[in-house]
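2 protein chains.
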Amino acid sequence: MIGRMTRWGPDAGGRLIKSALELYAKRGYDQTTVAEIAQRAGLTERTFFRHFADKKEVLFAGSSNLRDLLVSAVAGAPPSASPIEAVAGGLLAAGVVFDEERREFSRRRQSVIAANAELRERELIKMATLASAIADTLRRRGVPNPAASLAAEAGIAVFRVAFERWVHPENELGWSELVRGSLAELKVLVVS
Amino acid sequence: MIGRMTRWGPDAGGRLIKSALELYAKRGYDQTTVAEIAQRAGLTERTFFRHFADKKEVLFAGSSNLRDLLVSAVAGAPPSASPIEAVAGGLLAAGVVFDEERREFSRRRQSVIAANAELRERELIKMATLASAIADTLRRRGVPNPAASLAAEAGIAVFRVAFERWVHPENELGWSELVRGSLAELKVLVVS
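Protein chains in written order, with the working numbering: chain A, 134 to 325; chain B, 134 to 325.
The set of hints was computed from the structure by calculation and includes no laboratory data.
Values in this document were obtained by computation on a predicted structure and should not be read as measured data.
Be careful, since some hints might not be right.
No copy is singled out in the list; a pair is fine if it fits within one copy or between any two copies.
What the hints assert, rightly or not - Simulated crosslink set (EDC-like; lysine to aspartate or glutamate; CA at most 20 Å straight-line):
hint	residue 1	residue 2
1	K189	D269
2	K159	D201
3	K320	E305
4	K189	E234
5	K159	E318
6	K159	D232
7	K259	E318
8	K188	E303
9	K189	E254
10	K320	E218
11	K320	D201
12	K189	E233
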């Protein structure tokens, strides 16, 4: 089993995620079964279903962690921070997960998602959920509507653009540079 | 049949949309069948399926028209228009559909969608499709990436906020005032 340890450690969930992504990338998402993912990870289907609702959710296991990172950072921004500054702090905090070690995984995950309509829809829902969690957090900071929604959605637009650049094969910049750069571009665009 | 004519005129598609929305609002989306919608419109199920793929699509029949309005206006903006000005022109052009006569329909549609997770997801996909159509149009105008995506997504954030205000029971402002107001708020937010 040691040889199968992943960067997520030897836990079953991490091994299942790794195996699933390898199979999705190699033979396509639709062509892969839960049985095959479990087998590749050296685990049973039953263990798979203890960790994930279905083969789609394997690709979205990190969503709640990402949401928590964003939400904590937005909530914890200094009281003097403007709504967009608080959101920017949240996006930068996500750099904890979007590190060098993660990049190759994210790249492959992105290719798998781009190739499948059902996964693209699930990704849209994930992004909308993040936007709405950020908007809720801003409201708890006292930001009224619609400023809370606008700042959250602008933040998610910046997130998407930064993420697309980050996974781009030719990109060499780190997450925080990409977030700062995309935010600066949004500012220029919106006022021009 | 005259008595059943709708604001969309006496066409079968319009009658089906009206009947569907009435039933969804009255007894819930999940509890309504295609047979009941057709019957209420004085039509057959077969006619229903000539117009719509399923009972969900009835609520999204206007999406392609909205997309065409947005895209034509963005494409037709003066060459000197900045990306965000072109997008603003698109949002304002959508006022052709978001007029007083439409407001009550949109309000009811919005309530039905808000009450159902599957419909909310479908609405997310619709908004993402609009954003991506606008981004494509900007790219055809020569706007590079990621400016095209950022301007399109910022525009869709403004669209959402303007739309939520427009359907709000206490709102008395028209579409173009709401678009201009929401865009002005976004500018203040993003640079603050």
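Cα distance capped at 20 Å. Does K320 pair with E218 within a copy, between copies, both, or neither?
both (12 Å within a copy, 14 Å between copies)
How would you label the pair K259, E318 (within, between, both, or neither) given a Cα cut-off of 20 Å?
Intra 24 Å, inter 26 Å, cutoff 20 Å: neither.
Is the C-alpha distance from K189 to E233 at most 20 Å within one copy, between copies, in both cases, or in neither?
neither (25 Å within a copy, 42 Å between copies)
Checking an output row: K189 and D269, CA cutoff 20 Å. Within, between, both or neither?
Neither: 27 Å inside a copy, 28 Å across copies.
For K189 vs E254, is the C-alpha pair at or below 20 Å within one copy, between two copies, both, or neither?
both (11 Å within a copy, 16 Å between copies)
Using 20 Å as the alpha-carbon threshold, which applies to K188 and E303: within, between, both, or neither?
Neither way: K188 and E303 sit 30 Å apart in one copy and 45 Å across, limit 20 Å.
Under a CA distance limit of 20 Å, which applies to K320 and D201: within one copy, between copies, both, or neither?
Close neither inside one copy (26 Å) nor across copies (28 Å); limit 20 Å.
Using 20 Å as the alpha-carbon threshold, which applies to K159 and E318: within, between, both, or neither?
Neither, since 36 Å and 47 Å both go past 20 Å.
Given a CA cutoff of 20 Å, do K320 and E305 count as a within-copy pair, a between-copy pair, both, or neither?
Neither. Shortest intra-copy (23 Å) and inter-copy (31 Å) distances fail the 20 Å Cα cut-off.
Since the copies are identical, ignore which copy is meant and state whether K159 and D201 lie within 20 Å (CA to CA) inside a copy, between copies, both or neither.
neither (31 Å within a copy, 38 Å between copies)
With identical chains treated as interchangeable, where does the CA-CA distance between K159 and D232 reach 20 Å or less: within a copy, between copies, both, or neither?
neither (24 Å within a copy, 51 Å between copies)
Please work out whether the CA atoms of K189 and E234 approach to 20 Å or closer within one copy, between two copies, in both situations, or in neither?
Intra 23 Å, inter 42 Å, cutoff 20 Å: neither.
Consistency with the previously given hints fails for numbers 1, 2, 3, 4, 5, 6, 7, 8, 11, 12, ordered from lowest to highest.
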